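Those protein sequence lines, which keep their order, are chains A and B. Each residue of the first sequence is one higher than the one before, counting from 302 in this note's numbering. Each residue of the second sequence is one higher than the one before, counting from 23 in this note's numbering.
No wet-lab data here; the hints were simulated from the structure. Any given hint might turn out to be false.
Claimed, not checked - FRET-style restraints, in silico, Cβ to Cβ:
(1) A:Asn457 x B:Ser52: 43 to 51 Å
(2) B:Ala56 x A:Gln646: 30 to 38 Å
(3) A:Ala657 x B:Leu84: 50 to 58 Å
(4) A:Asp552 x B:Ser90: 32 to 40 Å
(5) A:Ala315 x B:Gly61: 33 to 41 Å
(6) A:Glu701 x B:Ser52: 41 to 49 Å
(7) A:Ile943 x B:Leu84: 36 to 44 Å
(8) A:Asn457 x B:Ala56: 29 to 37 Å
(9) B:Phe82 x A:Glu654: 35 to 43 Å
(10) B:Ser52 x A:Lys511: 14 to 22 Å
(11) A:Gly923 x B:Leu84: 26 to 34 Å
(12) B:Leu84 x A:Phe823: 39 to 47 Å
(13) A:Ala856 x B:Phe82: 29 to 37 Å
(14) B:Leu84 x A:Asn592: 42 to 50 Å
As the list claims (entries may be wrong) - Some chain B residues judged to face chain A by a derived CB distance under 8 Å, without partners named:
(15) Leu42
(16) Ile54
(17) Phe82
What you are looking at is a predicted structure, and each value in this text was computed from that prediction instead of being measured. Glycine is no exception: its CB is placed at the ideal position from the N, C-alpha and C atoms.
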Amino acid sequence: MNALAVVIPKFQLAGVDWAVLLIYFIFVIGVGFALKRYMKTSDDFFLSGKSIPAWITGLAFISANLGAQEVIGMAASGAKYGIATSHFYWIGAIPAMVFVGIFMMPFYYGSKARSVPEYLKLRFDEKTRGFNAISFAAMTVFSSGISMYAMGKLLNLLLGWDFNTCVLVSAFIVLVYTFLGGLTSAIYNEVIQFFLIVFGFIPLVFLGLKNVGGWEGVKARLAQEGWFRSEVLGESMNPDALTHSWKYMADTASNPMGVEWFGLVMGLGFVLSFGYWCTDFLVVQRAMAANSMSAARRTPVIAAIPKMLFPLLVILPGLLAIGIAPLADKALEPAAKSAYIQKIQAENPQLAERLAQHNVPSIEELTAAGGRGLVPPKLDGEGKVQIKKNSTGEPILDKEGNYVVELDYDLVIPMMLYKYFPAGLLGLGLCALMASFMSGMAGNTTAFNTVWTYDIYQSYIKKNGSDSHYLWMGRYATVGGIVLSILAAYAAQHFNNIMDILQLVFAFVNAPLFATFMLGMFWKRATGHGAFFGLVSGTLAAVIHHGLTLPYGSATGVKGGFFTVLHNYPSEMAQNFWTAIWAWSTCFVVTILVSLITKRTKTDQELKGLVYSLTPKPSEDGIPWYKQPAYLGGAVLAITLIMNILFW
Amino acid sequence: MNLDIRVPIGTMFSLIGLVLFVYGLLTSGSDIYAKHSLGINMNLYWGVIMVVFGGLMFIFGLKAQSKSKK
Numbered sequence: 302m303n304a305l306a307v308v309i310p311k312f313q314l315a316g317v318d319w320a321v322l323l324i325y326f327i328f329v330i331g332v333g334f335a336l337k338r339y340m341k342t343s344d345d346f347f348l349s350g351k352s353i354p355a356w357i358t359g360l361a362f363i364s365a366n367l368g369a370q371e372v373i374g375m376a377a378s379g380a381k382y383g384i385a386t387s388h389f390y391w392i393g394a395i396p397a398m399v400f401v402g403i404f405m406m407p408f409y410y411g412s413k414a415r416s417v418p419e420y421l422k423l424r425f426d427e428k429t430r431g432f433n434a435i436s437f438a439a440m441t442v443f444s445s446g447i448s449m450y451a452m453g454k455l456l457n458l459l460l461g462w463d464f465n466t467c468v469l470v471s472a473f474i475v476l477v478y479t480f481l482g483g484l485t486s487a488i489y490n491e492v493i494q495f496f497l498i499v500f501g502f503i504p505l506v507f508l509g510l511k512n513v514g515g516w517e518g519v520k521a522r523l524a525q526e527g528w529f530r531s532e533v534l535g536e537s538m539n540p541d542a543l544t545h546s547w548k549y550m551a552d553t554a555s556n557p558m559g560v561e562w563f564g565l566v567m568g569l570g571f572v573l574s575f576g577y578w579c580t581d582f583l584v585v586q587r588a589m590a591a592n593s594m595s596a597a598r599r600t601p602v603i604a605a606i607p608k609m610l611f612p613l614l615v616i617l618p619g620l621l622a623i624g625i626a627p628l629a630d631k632a633l634e635p636a637a638k639s640a641y642i643q644k645i646q647a648e649n650p651q652l653a654e655r656l657a658q659h660n661v662p663s664i665e666e667l668t669a670a671g672g673r674g675l676v677p678p679k680l681d682g683e684g685k686v687q688i689k690k691n692s693t694g695e696p697i698l699d700k701e702g703n704y705v706v707e708l709d710y711d712l713v714i715p716m717m718l719y720k721y722f723p724a725g726l727l728g729l730g731l732c733a734l735m736a737s738f739m740s741g742m743a744g745n746t747t748a749f750n751t752v753w754t755y756d757i758y759q760s761y762i763k764k765n766g767s768d769s770h771y772l773w774m775g776r777y778a779t780v781g782g783i784v785l786s787i788l789a790a791y792a793a794q795h796f797n798n799i800m801d802i803l804q805l806v807f808a809f810v811n812a813p814l815f816a817t818f819m820l821g822m823f824w825k826r827a828t829g830h831g832a833f834f835g836l837v838s839g840t841l842a843a844v845i846h847h848g849l850t851l852p853y854g855s856a857t858g859v860k861g862g863f864f865t866v867l868h869n870y871p872s873e874m875a876q877n878f879w880t881a882i883w884a885w886s887t888c889f890v891v892t893i894l895v896s897l898i899t900k901r902t903k904t905d906q907e908l909k910g911l912v913y914s915l916t917p918k919p920s921e922d923g924i925p926w927y928k929q930p931a932y933l934g935g936a937v938l939a940i941t942l943i944m945n946i947l948f949w
Numbered sequence: 023m024n025l026d027i028r029v030p031i032g033t034m035f036s037l038i039g040l041v042l043f044v045y046g047l048l049t050s051g052s053d054i055y056a057k058h059s060l061g062i063n064m065n066l067y068w069g070v071i072m073v074v075f076g077g078l079m080f081i082f083g084l085k086a087q088s089k090s091k092k
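Chain A extracted, bound-state conformation (with noise of 0.2 Å):
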């Protein structure tokens, strides 16, 4: 058996599996066909209709964001990082779904709007919407490709599938369900693949848990793995700092993820979280879809419950993959893994009696397939084992003088289900994974047909169609964003740092979204010049700190740094949060600036509905007060907090 073999698996499908697959692909497409004759004006197949209740519109909501960046991004993430992965959840997700629930559906709802960019036509003018429409749908589309990509790929890896077949079969289904049942027929998919995803993932996480003894298992695993990184790889990072997502946060050389607390609260926890959910037409389409104003803000808050569990299911898996022996068959000689259980007695006799209480493998056990734990090393090209390099392209050495390997996070998930998951189950796992692609890819897909069909076809080509012309042309926007998908899926086989400068640039205009929508909901002296060079000036105020700035021991490039290096961050994830923080800055206080220098052109009336101060309060009367979203939002809080104090 060669290396390569020893460390990736292949997945050997029983019969079994291909029935579970089966089953999941005919009623995933039969929804599409049961949903068709409901689908009689551009209303029905753009909104639902208006007509889904809360709790649908809520798990798809968070169903939609369950893409395969969630589900395996996150189990990495978990692996790499540890506990502090938490706060992508719990500081950079619920506080902006509570919020958008509470504040921001009265107005996305209340005011008729049919997408996110028509909102801002409403509220500002039209050169606003097309800055947003445009760049919006370009970026579905370029997200669903990639979804598609990292679904071939890794289908391709696993199971020795042709990346072609897996690409076009998976864009086939999406197309014929999304095609025929529109929005509604995704958002009822995507609460299937939610149910999916759940019932795929806890029994990973329950046969993962019961081998390693318990969560105090974890956690000494993760003790031991944090002191080899400290200790024997060099890393910069406090050794306890995996088993924590606060007490290291004070500054960056003592936690894995390289960033201090302001900067991942104001510029994770606000700006890019607050930018994704509060804005982006992806998750909002979903809430926009109920059938009250009370259900379609009861959405975000609802989807809120199982976000908070999540990391449970996503981020588990990470844990427990990087301290599981992954030669669990194959026992070491005692000689043979003796050297970091004495050099562990000798500096932390406390860490190794805990080691010892909870029978962690020892660092060469975990080592013993060449990566750490299930997690494989990266194997290049050529399927030899990639080693740590500098900017300069020198290998890194720890410090006993090794060489340090560079580990594929990305493929816990599978490690995890290919170890756990007998036949049957295994092909639940699957489904499961599937799931999360192609859910990823329904939302980016009826997003898109909808913003390209309301804010740029009717806006821009053709604008006094009938409704019936609408929505045939809802459909064919839905066959071109599929095959725009696929050509997306194939420009990132062919140039992969192409798709790294697409990713960047979206994330330029990102950033400062959200300052637009804060101060076109809650001040209306916003203009809409205000608004257009505000949004433009936050673009290239990101595109100017990004390029003077580098992460350590990266190259320039994508990276940074491209104009010249003014300043060096700890790590990617540091530069990113700063970035987020600057763009949304310029961009408020740009807005604010040119608002007051130009004049208003919507009245008090015409804002009404759009505005804050200008529109009357939701009612709640008759609403039982467990349904009220203000309650189930102070709740939802509550436990967030509850969950970062004991994770503390």
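Guided by the hints, dock chain B onto chain A, whose structure is given.
Structure of chain B alone, referenced to chain A:
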């Protein structure tokens, strides 16, 4: 719209659960469970849980559908 999402979810989960349960029965005692799932026949147990969950979803969905048939 007269299609409650709980009906297709319930049907799908019951079917998948049934497939897992039957496969778990057929492979009971096989070494695949020792190799993969810590010796526990997860197909059997998880199959039952999925059938129960799917059944409940299906019943609630049908009830809601007949109510809306208002």
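Hints and how they fare:
1. A:Asn457 x B:Ser52: 43 to 51 Å: violated, 29 Å
2. B:Ala56 x A:Gln646: 30 to 38 Å: Cβ of Ala56 of chain B to Cβ of Gln646 of chain A: about 33 Å, so the range 30 to 38 Å holds.
3. A:Ala657 x B:Leu84: 50 to 58 Å: Distance hint for Ala657 of chain A, Leu84 of chain B holds at roughly 56 Å.
4. A:Asp552 x B:Ser90: 32 to 40 Å: violated, 58 Å
5. A:Ala315 x B:Gly61: 33 to 41 Å: Cβ of Ala315 of chain A to Cβ of Gly61 of chain B: about 19 Å, so the range 33 to 41 Å is violated.
6. A:Glu701 x B:Ser52: 41 to 49 Å: This hint holds: roughly 44 Å between Cβ atoms.
7. A:Ile943 x B:Leu84: 36 to 44 Å: For Ile943 of chain A and Leu84 of chain B the Cβ distance comes to about 38 Å; the hint holds.
8. A:Asn457 x B:Ala56: 29 to 37 Å: holds, 30 Å
9. B:Phe82 x A:Glu654: 35 to 43 Å: Given about 52 Å between the Cβ atoms, the range is violated.
10. B:Ser52 x A:Lys511: 14 to 22 Å: The hint (14 to 22 Å, Cβ to Cβ) holds, given that Ser52 of chain B and Lys511 of chain A are roughly 20 Å apart.
11. A:Gly923 x B:Leu84: 26 to 34 Å: Check passed, 28 Å falls within 26 to 34 Å.
12. B:Leu84 x A:Phe823: 39 to 47 Å: holds, 45 Å
13. A:Ala856 x B:Phe82: 29 to 37 Å: violated, 57 Å
14. B:Leu84 x A:Asn592: 42 to 50 Å: Given about 20 Å between the Cβ atoms, the range is violated.
15. Leu42: holds, 5 Å
16. Ile54: holds, 4 Å
17. Phe82: At 11 Å from the nearest chain A Cβ, Phe82 of chain B fails the 8 Å test, so the hint is violated.
Hint check: violations occur at hints 1, 4, 5, 9, 13, 14 and 17; the rest are consistent with the structure.
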